[in-house]
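Chemist: Since the structure of chain A is already known, use the hints to place chain B on it.
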Amino acid sequence: MTAYTVQMEQLPGLFAAWSAQCQVHVPVALETGFYDFSPWRPGTEIAFEYDVAYNPLKRFFMPPREDMIVFDLETYTAKPVFAAPSILLFGVHPYDVKAVTQLDQLMESGSVDQNYFSRRDAAVIFAMTPLAVSDTAFWASVGADKVDQGFDLYWTKIGPGTFHVEIGSGRGEELLLAAGPLAPATAGSREAARKAQVRAKTLGASRSLRFDWRETPHVMGRSWNSSLWHRKAEKCLGCGSCNIVCPTCYCFDIREEVDEKLKAGHRFREWDGCMLNGFALVAGNHNFRPQASERYRHRYMRKGKYIFDKIGELGCVGCGRCVRACTSKIADPCEIFNALWEESRNEI
Amino acid sequence: METAPVTLPSNETCLLSAKPRIAFFDFAGCEGDQLQIANLEEKLLDILAHVEVVSFREIKTGHADDYDIAFVEGSITRPEDEARLKDIRAKAKVLVALGACAAIGGINCLKNFMGEAFYREVVYGPQAGWYRTYAARPLSAVVPVDAEIPGCPIDRLEFARVVKELLLGRTPWLPDYPVCVECKMAGNICRYDLGKMCLGIVTRAGCGACCVTEGAHCWGCRGLFPSANLDAARQVMDNAGFDRRQVQDLMRFFLGDTRAGL
Chain A
13 MTAYTVQMEQ LPGLFAAWSA QCQVHVPVAL ETGFYDFSPW RPGTEIAFEY DVAYNPLKRF
73 FMPPREDMIV FDLETYTAKP VFAAPSILLF GVHPYDVKAV TQLDQLMESG SVDQNYFSRR
133 DAAVIFAMTP LAVSDTAFWA SVGADKVDQG FDLYWTKIGP GTFHVEIGSG RGEELLLAAG
193 PLAPATAGSR EAARKAQVRA KTLGASRSLR FDWRETPHVM GRSWNSSLWH RKAEKCLGCG
253 SCNIVCPTCY CFDIREEVDE KLKAGHRFRE WDGCMLNGFA LVAGNHNFRP QASERYRHRY
313 MRKGKYIFDK IGELGCVGCG RCVRACTSKI ADPCEIFNAL WEESRNEI
Chain B
14 METAPVTLPS NETCLLSAKP RIAFFDFAGC EGDQLQIANL EEKLLDILAH VEVVSFREIK
74 TGHADDYDIA FVEGSITRPE DEARLKDIRA KAKVLVALGA CAAIGGINCL KNFMGEAFYR
134 EVVYGPQAGW YRTYAARPLS AVVPVDAEIP GCPIDRLEFA RVVKELLLGR TPWLPDYPVC
194 VECKMAGNIC RYDLGKMCLG IVTRAGCGAC CVTEGAHCWG CRGLFPSANL DAARQVMDNA
254 GFDRRQVQDL MRFFLGDTRA GL
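Protein sequence lines correspond, in order, to chains A and B.
Under the numbering used here, the first residue of the first sequence is numbered 13, with each subsequent residue one higher.
Under the numbering used here, the first residue of the second sequence is numbered 14, with each subsequent residue one higher.
Derived by calculation from the structure, the hints in this document are not laboratory data.
All C-beta atoms, glycine included, are put in the ideal place defined by N, C-alpha and C.
Watch out, some of these pointers could steer you wrong.
To give an idea of the chain B side of the interface with chain A (calculated C-beta under 7 Å), a few residues [unchecked claim]: (1) K56; (2) D59; (3) K177; (4) Y190; (5) C193; (6) K197; (7) I202; (8) I214.
One chain only, chain A, in its complex shape (with noise of 0.2 Å):
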């Protein structure tokens, strides 16, 4: 793989170069101790040693509301409305790439969702190596402290003010070359670099799976009928605080509102969430998963098998936002996981 070594120095010039072309979003320490992505201006500081961002990356391309369809009452026709504005995502973690793969492969699937695409076709992304990792993240157990797909540039950080720059794409390194040449890797950065990410692979390990990922949906198809669902589902609040905040859940809902003459309108996607109680809510007041406990299941089956089932992989990057935003402090699948493994593995 192509690769270049930049140095911190040389930054402020990328970034301008690339600001010029689109909006760039970076990671920033927030005032709360928190990480996120934030727009970056000349200045920002660049917070290279972030765990996690608070928020998913998701919005990016499928923003929490978004217009679908504007339509007109009195001419009864209506036109599709795609948003595609330039964005470059800069320090993205492996995991969170990983997520956004897992999107394309889900989103392209069946029906091709030409909105989510719109916006994902005029993204760039820029993968980097984790230095710092949350106290709820399990990413390296699930196979997601390292990708080799989804980027267009993978930074990693092997010095207080080196990169070593892995190129993912023609975009990528026309970018990263927009400021003009720049030192090609040598075997010393390119080591540098693989130590690095072995480092960040340990790092993630701190928290993990006590099996191997591949088994979860084995482990999830042996677990339908767990006690567990009940007895976590009692404190859920149904908030669907861990779908919102997990950067794979993409399930929305679609309204319409007119105007004030009720003369034309727009439909509209918002996020929606299986966890909700009005999610599963059909015609004739029908709920198809009534019960908290079916719905508490239901999005670890969807994390642990129903996903695997699609496209081979778990539908759960371990970011860890979810243990987090959960104030009940129930949705932790790396626990849940290890549990439904521990009292389901002598059963064949």
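Modeler: Same frame as chain A, but now just chain B:
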């Protein structure tokens, strides 16, 4: 990316043919919800093209007794309020509770936790014996309510949306999920992550999590969402280190009339 316009099937029957007649009423409350409607300004002018306002004392003079839709603000705090509300109910085809006081009882219910002699003295002083008063309650404790626009005050855009839905013959929609959903959509830091108490975990969304977004916490002014798990909420607040008195005070602020056992 633009494609050819799609033709929708004709559906003219959904629009009401005549201009519905609308009236506004208020009981115990600050009339702040009606003020929010006045604050719709130019949007209000567009809406007024589709309706006839026959009574709205905050923005116009005059009154008529034949109305289709009654928007009623305030809670019921005196026995004589009941007769007036029943009369409004009898005249209106649709009765909409406007704001927290009307929809859930709201802060008027704070007095329900005090002795009558005490709150009479606080409110009326030496004239404490002159007025009749009883426990505050929402409209639905007295008459059937067709729709609610909750909040203290109401979200004026939600009011506009509900009115448009009624005009189009649709069932008005309210979010049936808690504020947490909108808080996450807004990208806010959870109050519990900051060691603060917040009622967003049990409160009906629709406000856009405005209080949290502006740096405060949720007070519960929109009432409980339909499947709120109060036992779990109690445990969350307890685990976050808040004592029962703190939890009770916050729960009673707006939710005094609910089944909230806190």
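Chemist: Checking against the hints above, which ones are violated?
Modeler: none
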